[in-house]
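Chains C and Y supply the protein sequences, listed in that same order.
Sequence positions in the first sequence follow this note's numbering and run 145 to 258.
Sequence positions in the second sequence follow this note's numbering and run 314 to 427.
Just so you know, these hints were derived from the structure itself, not from any lab.
Be careful, since some hints might not be right.
Computed, partial: chain C to chain Y, Cβ under 8 Å [claimed, not checked]:
no. : residue
1   : 240
2   : 244
3   : 248
4   : 251
Among the chain Y residues that face chain C by a calculated CB cut under 10 Å, a handful are [claimed, not checked]:
no. : residue
5   : 327
6   : 356
7   : 419
The C-beta atom is built at its ideal place from N, Cα and C for all residues, glycine as well.
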Amino acid sequence: KQEVTQIPAALSVPEGENLVLNCSFTDSAIYNLQWFRQDPGKGLTSLLLIQSSQREQTSGRLNASLDKSSGRSTLYIAASQPGDSATYLCAVSFLTGGGNKLTFGTGTQLKVEL
Amino acid sequence: IAGITQAPTSQILAAGRRMTLRCTQDMRHNAMYWYRQDLGLGLRLIHYSNTAGTTGKGEVPDGYSVSRANTDDFPLTLASAVPSQTSVYFCASSDSTSGVHTQYFGPGTRLTVL
Numbered sequence: 145k146q147e148v149t150q151i152p153a154a155l156s157v158p159e160g161e162n163l164v165l166n167c168s169f170t171d172s173a174i175y176n177l178q179w180f181r182q183d184p185g186k187g188l189t190s191l192l193l194i195q196s197s198q199r200e201q202t203s204g205r206l207n208a209s210l211d212k213s214s215g216r217s218t219l220y221i222a223a224s225q226p227g228d229s230a231t232y233l234c235a236v237s238f239l240t241g242g243g244n245k246l247t248f249g250t251g252t253q254l255k256v257e258l
Numbered sequence: 314i315a316g317i318t319q320a321p322t323s324q325i326l327a328a329g330r331r332m333t334l335r336c337t338q339d340m341r342h343n344a345m346y347w348y349r350q351d352l353g354l355g356l357r358l359i360h361y362s363n364t365a366g367t368t369g370k371g372e373v374p375d376g377y378s379v380s381r382a383n384t385d386d387f388p389l390t391l392a393s394a395v396p397s398q399t400s401v402y403f404c405a406s407s408d409s410t411s412g413v414h415t416q417y418f419g420p421g422t423r424l425t426v427l
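Could you build all of it, start to finish, from the sequences and the hints given here?
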């Protein structure tokens with residue numbers, strides 16, 4: 145079974161710290177990988193999408209990397225702010241799924257403290 | 314409207330009752346999806362539709378049905394609700410014709426089956 149794992153489940157950091165969230169997946173045959181943010185009681189907001197042919201994507205203070213051979217992705221958040229507090233979800237589209245069905249990790253709950 | 318809307322926002326339902334969750338998107342995306350989110354299990358795909366007139370089963374389809382009569386609407390029906398269907402339900406859409414497949418999510422429907 146294709147699985148996506150996110151460690152740690154929760155993370156607390158002081159404001160201003162740079163941090164890395166981890167995502168691992170069991171099958172390197174992927175179409176793409178997406179990182180989402182979810183605020184409590186809300187829907188998911190897409191942050192970054194990395195195609196299988198790409199190594200990284202950047203948006204503002206966010207940088208996502210992809211290493212298919214090792215089955216890993218990281219989301220780097222620079223100069224963290226209290227507004228970054230949320231749950232971050234990694235989702236993988238595996239090739240066997242037809243390219244558009246996502247398998248989600250269970251998320252990392254991030255708290256950025258003043 | 315802009316993006317994806319879901320209705321109702323929340324619902325309490327007696328077991329055995331029939332319920333339809335509504336989802337409408339105005340982005341003219343060809344593909345639509347239904348996920349359920351449960352604590353500790355993350356988001357799991359229930360059903361999907363790659364284009365109007367077609368549907369497919371996801372990871373957890375039992376007890377649910379969908380239809381895709383047009384591009385914009387993708388209702389999810391619980392024919393006879395059971396307590397294990399208590400969950401938060403998210404609808405999503407993507408433009409798979411672009412080759413990018415970024416999925417955009419609605420705000421969710423919180424369903425409680427008693």
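Okay, the hints, checked on the actual structure:
1. 240: Violated, about 13 Å.
2. 244: For residue 244 of chain C, the interface hint holds, since the closest Cβ of chain Y sits about 5 Å away, which is under 8 Å.
3. 248: 4 Å, holds
4. 251: 7 Å, holds
5. 327: 24 Å, violated
6. 356: 4 Å, holds
7. 419: For residue 419 of chain Y, the interface hint holds, since the closest Cβ of chain C sits about 6 Å away, which is under 10 Å.
Hints 1, 5 from the list above are not met by this structure, while the remaining hints are.
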